[in-house]
Amino acid sequence: MPPRTTFSPQTLAILAALADRPSEARHGYDLARQTGLKSGTLYPILVRLADRGLVEARWEEDQPQGRPRRHLYRLTTDGLAAAAAARAAAPAPAVATARRRVATPRRLAGERS
Amino acid sequence: MSEQLARALAAMLHRSASLLPARRRHWAEAVAAEAAQMSAGLPRLRWLAGGLWLVAREASMARRIGYGLGVAAVAAAAVWTMWLSWRTNSAADPENVTDRARVLAGAAALIVLPWVGRRRGWFGPPGSSITMRLLRVAGCAAICALGVSIVRNDRHAGINGVLGYGKFSWLHELAGLAFLALALAGPALMKARWQQLDEPARWSIGVVAGVTAFFLLPIQLLAACSAALVLAGTSRRSPARPATLTVGASIGVATGLIMWWLATILGELGGAWFLLMPMAALLAGFPAGLASGWLLSGDEDPQRLRAARIRQGQLGGAAAGAVCGLVLTAIFIGIGVMLLIGPLAGMAGGACGGAISADHRRWFRPGRSQAAEAASGSVT
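Protein chains in written order, with this note's numbering: chain A, 2 to 114; chain B, 1226 to 1605.
Pairwise CB distance ranges, derived in the manner of DEER restraints:
1. A:D63 x B:S1285: 32 to 38 Å
2. A:R70 x B:R1232: 18 to 24 Å
3. A:A85 x B:A1410: 49 to 55 Å
Treat the hints as calculated values from the structure; they're not laboratory data. Quick reminder that beta carbons are idealized off the backbone N, C-alpha and C, glycines included.
Construct the entire structure; sequences and hints are all you get.
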């Protein structure tokens, strides 16, 4: 079955952010900072993507000093294919919106550097 | 202050994670783990509030709350009906006893309604769209309201025996309930118990039991059939599209209210109402069928599309007629037969409307809307 190619602009933004550095496992705060999405939007989308097998989610293996362990996300092989297909198939405004979000990340109010 | 609030939200997030299935709890923990990255104050509060929103979504809180409210409303309707019935005249009157026995049976039926509606099969689970769920809740609420309306009318009018006719007889009541149960559950039970019994035989037994029950307990049978129609029409297996049911229900309610308005203007017309009401259901079915058929588009074979449109027209008409019949029965107590005639007359009108819209060219426009895609899917 061909990968699904129609996604919301928010999902496209997350897929684009994850596809930028496909080998790197990203955490939620990092993705929120890059895409400008709030946690209430970001996490439900990550849940759906993980349910569809497009995103692999796992906990950080080592316990870091001074902060809790993080949940990390990375595109699976299917996810990479879906992200590429979605980028190719998405209508121009959706791609532009997603790219703008990824290229010029909105700084989250009060984020720590 | 905001730190205290953030701690309270974080505690709520940890606690509410238990509402999620075990395999999903780590998502709530993931949000909580990242909250420490946000600076104190509004950003952290927003982040944690987003986590609570995630839990509410994933735990289907709205659905759970809605279902709980629905069950509570059905229970309240059952209790209220019984209370109203018990406040009628002397229990020494045999017809009062009849009403009470029937109200108890009706309340018991209401209590099993949510259970039947959730089981996988003809009547459940409900369709996935919010429209189907809302229509299911509204339909069940309307039938509950009809029961309350009948009992209230009985109480205010001081006329006993509105729910049934003739002298009270336990044999009559019990036989009626037994035939009603056989008609509703008989075919499925026989299929499970005697697999060698062929389908026509099972259904024949169900139909004979239903006809017998109709003569013994007419209103109860019609109300049970209306509830079954609501559950089947809004279940996941239903052939009717959400748009079809919405159009049908809206036109049915409007027609019922127009008839009520006409009744207040025209006054007492006696037997003429028994002719006008089926006519109203027939007329309500026509535009419902026309709109239901027209709303279905697709890029499939034109002949298949035409057949699908006529079918949706019939279903839309039946929905309009059934709702019109329900409204008229609630307003003009005593013409419960509209619960039976309404859907049939509506279906006839809907078939005519659907046939007209089936010949109207309306092509599928890919990507125009999700509704168009869904419509295309329902043709196949």
